[in-house]
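Trainee: Chains as they are written, first to last, in the working numbering: chain R, 1 to 324; chain W, 1 to 324; chain U, 1 to 284; chain V, 1 to 284.
Honestly, I wouldn't trust all of these hints.
Among the chain W residues that face chain U by a calculated CB cut under 8 Å, a handful are [said to hold, decoys possible]:
#1 ILE86
#2 ASP89
#3 LEU91
#4 PHE92
#5 PHE102
#6 LYS109
#7 GLU135
#8 LYS139
#9 PHE150
Read the hints as simulated data drawn from the structure, not as lab findings.
Built from N, CA and C at the ideal position, the CB exists for glycine as well.
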Amino acid sequence: MARYVLDFEKPIFELQRKLDLLKKVSPLEKTDLTAEIEDLEHKIEKLKVRIYSHLSPWEKVQVSRHPDRPKTLDYINNIFTDFIEIHGDKLFRDDLSIIGGFGFLNDVKVMIVGHQKGKNAKENILYNFGSPHPEGIRKALRLMKLAEKFSLPVISFIDTAGAYPGIEAEERGQALAIASNLMEMSALKVPIIVSNIGEGGSGGALALGLGDKIFMLENSYYSVISPEGCASILLKSENGDSSKAKAEASTALKLTADELLERGLIDGIIREPLGGAHHNPSEVFVELKQALVSSLLELKKLSTNKLLEKRYNRYRKMGVFIES
Amino acid sequence: MARYVLDFEKPIFELQRKLDLLKKVSPLEKTDLTAEIEDLEHKIEKLKVRIYSHLSPWEKVQVSRHPDRPKTLDYINNIFTDFIEIHGDKLFRDDLSIIGGFGFLNDVKVMIVGHQKGKNAKENILYNFGSPHPEGIRKALRLMKLAEKFSLPVISFIDTAGAYPGIEAEERGQALAIASNLMEMSALKVPIIVSNIGEGGSGGALALGLGDKIFMLENSYYSVISPEGCASILLKSENGDSSKAKAEASTALKLTADELLERGLIDGIIREPLGGAHHNPSEVFVELKQALVSSLLELKKLSTNKLLEKRYNRYRKMGVFIES
Amino acid sequence: MSITEWFKAKNKYIPVEKSGTRLNIPDGIWSKCAACNEIIFQKEVVRNFKVCPKCNHHFKLTAEERVNLLLDDGSFVEFNGGMISNDPLDFEISKSYRVSLNQAQEISGLKEAIVTGEGKIDDRLIIFGVMDFRFIGGSMGSVVGEKVTRAIEKALEENLPLVLVCSSGGARMQEGMFSLMQMAKTSAAIARFKQKKNPYISILTNPTTGGVSASFATLADLIIAEPEALIGFAGPRVIEQTIKQKLPKGFQSAELMLKHGMIDLIVHRKDLKNTLSKLLNFLY
Amino acid sequence: MSITEWFKAKNKYIPVEKSGTRLNIPDGIWSKCAACNEIIFQKEVVRNFKVCPKCNHHFKLTAEERVNLLLDDGSFVEFNGGMISNDPLDFEISKSYRVSLNQAQEISGLKEAIVTGEGKIDDRLIIFGVMDFRFIGGSMGSVVGEKVTRAIEKALEENLPLVLVCSSGGARMQEGMFSLMQMAKTSAAIARFKQKKNPYISILTNPTTGGVSASFATLADLIIAEPEALIGFAGPRVIEQTIKQKLPKGFQSAELMLKHGMIDLIVHRKDLKNTLSKLLNFLY
Ligand SMILES: [Zn+2]
Ligand SMILES: [Zn+2]
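Okay, chain R solo, but in the shape it has when bound (with noise of 0.2 Å):
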């Protein structure tokens, strides 16, 4: 089970721990302590579904980021065989918070693009907490543009806070980036799959998101704007930064992947096990597999034309409004 404890979990992983205890000291004690064992691994588990399977949007968020959550390499490496990992924008940098290359979806060659994120603190320096600076938003497109070329489809995965916000971000235009990602993958003459495997956040996530199908991971959240940048501006008066301001600004963004099915801007969700992906990473990984395989096949049907024709109907019909 995992290191790191997530607030609401914790009733859970303080009966957790009375088991452990409970059965370490069992074989030393003299009374059966079996029917205690068998009551409280009943209890943790009811207390695991009453927890887990109505988590609120803010919960959901945290449970997206959560360190020990597979990311990026874990689904390529799970997912995917012959991965050759290809590196940089033949610009400026190799922009490891991106990670992208050649691999076969079973015995389709593909092109995986995707968000890299740490499991620890040294591996999130690496990857910039799966931050982008405008090279690997434009490292990504270069990788695009080789599909494109050499027709092989796109197959993304989406994980990221968000660009990243910094000086050098800004000098070397990382709104240009994010704005080229967007018109070239709408014209991209291979079919994108998209997959968000934990956070999607903001233009950053968009960046690598615009496609053919896009996928969200049960407890992945996808969102205009973080529910802390959302929470700070609207509730400054208040506190922004209570956890309550942070469930209310979730809450009102509709960002988790129920909220956007509903509304018709995802296409569909890969249910997690109980208590989110890195419980049991390899039924997640089964699950997108099955959806990326049966997707492709589907896309592949269309000629290019139609399939252009629907990616851009789709993204065309977005939005709500009233005309008088």
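Use these hints to put chains W, U and V with the ligands onto chain R, whose structure you have.
Mentor: Here is chains W, U and V with the ligands on its own, set in the frame of chain R:
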């Protein structure tokens, strides 16, 4: 007359100084100095012809680098109207060693690009002595691609000792930037007319120099390596830094306009006034403008396919070898 | 009178001084420039295209002031003027989105943060859009995205040049992912527009950040910025929170962005129409 | 026997150890690695694809060693093997170019600094070229430019993948502007090649600089570099003279260029053929 005096010009300037002195004292003297003055003027004219009309390759290299020589911006201001400068590579930086923008050549809308050198230390720091970093090379390409989209012919001016050989220039991909320009320019769907107005230093010059018509000013040079570089590599045991070595290298490299025209590597030579373009710039502006106008007229008659085929063949046949 | 009616009704040039609520310039005959603190004569500011005569600070213009500044007298015809937001998320934090919309409409006299239509620049017909910062910080929700997209599509269909004047803090968070998707929608429309060779010029005014700068605003063939306009992706406060230090003065200014190669040219407001006209002549 | 005859004559795999003059590795059973100064057993180095078993330094390979390393046994057929330089400038400084050419031919057993032809990688037919640094520093004059261009054109005509192994100090100054123009010629040929969708992979080995790196070498769809290879435009000495300071260690190495986004991947020589084969499979 120019402030900056080249070694081989010194005898002329000596006499000139004498003449100036004579003219100054003449009104104060009792004897009539008119004859002496006229004689001296005559002598100077003869000396000028003798020295300037048979410049050696190394002397021409020196003239090509003369600080008072007209620079790209002078040609822009005197040949074109309604110039609007356009900045930046949309990637990293606006490299001021490259200047470019829209302008009218008579009534024809064109895109102008060129290396920009300074005429004094301050300007040269601003323009980095006309030596582009990769972002300058890419800026030029961006303007040329813009010209292609909007069907504007490209008028390019070459005047650089070479692409800047610095750490950051290497890190940002100087080699790839130059290569990309060559590749893209070879297939650019608008006429490209190139004028070498001073220094044509290797790859940094060629990066703006691939085109359909290549002109050189009489005292410009165009070379695979600077005479200094060539001398220091081949004559390191002797004194590669000596004027003699540089002169020898300049001759061996066949880098003058005459030598290159003879070998079919350029299309025409713009004659300069005695002593170089800075002795009477407007003469050069008029002659170069005439050459640009008539070349453009000629090139505009070609279909795009024909234009590109001719451009390809032009470079395709360059090279001398024996097949057994 | 709605802006639509107003624009339709007007047949002659409406001088800048008659326009609605002014931004950053306090009322009164004399006032203090917010940028240089000098005392300036209101009429002179207005005559100077709302540019401070002392420090050249470019005050924000309203949509109608911008129309008057850039388009030929009486040439503007608005499109889709009646389009309004439908609050797709029933959004309410501290204040309901519907209330914000009503307030913005009252303050600006506009229905949304952008006005689009067709008009002429020196007799050349163009498709034109202009954002108004008074309307929830010029933020882009469904209506802005839709109107921009329709303007792009119209320019494409009719083979006309496209000119968009941007002024925006970014995506409108009150419409959540619908707002984010307007970035995709408008960028996709630009991709189609660029398959033909009609020019698209964007004018970035103070400020242009977030979802607008990261979509259609920076995808133009030529990007003009007004002097000292704040231009970037992340807002300055977000950056300061991330890097945990104050930003240098002038960071994210048009001048810095020009230096970093992101902008084609900076043009003083008084020369804007003329430069735009010349550029269109080169491209079209 | 010329390299052409040699290549034509051979029908079976010629192991690396039988090849001609070695670079950087002194003869003898035991020797010192020039990179790490460790004593290394010659046979082991050769068995290890001329990579130092102690420090992984990749010693330069000759053209024929490279053919043996990368292409299927006996599959290589050379093109244009007889092409030689004609000294277009009658170049002579300190030593005549003709003498340099003769010496290079003697040392290398080659006619020029590149060998081109067709061959197979895991049974896949490709157009292949490999430069040899022993021949006037792998410099590109008319012959190299022409042979590279013909190889590109051949790959285009026959719809075959193109693989070029680069090793060059740059343009060949003894052919003056003819050399510089080979950059234009080869890059123009690549532009045409790229209009179709056949893959072009370049392999940058130690060193790849100057006119070769600034033309066809870096225009590949994928760029592979060997570990620690010196890759750049300007040579290190020229840079040091310009900036008037010593360059940091590892500057212009393949590893630094990878970090700066200029190279797709770095591959150890022992994995080179296998990786190349896999990449071709993804692209073709
Ligand atoms: Zn002021
Ligand atoms: Zn070693």
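Trainee: Against which earlier hints does the structure fall short, listed by number upward?
Mentor: The structure breaks none of the hints.
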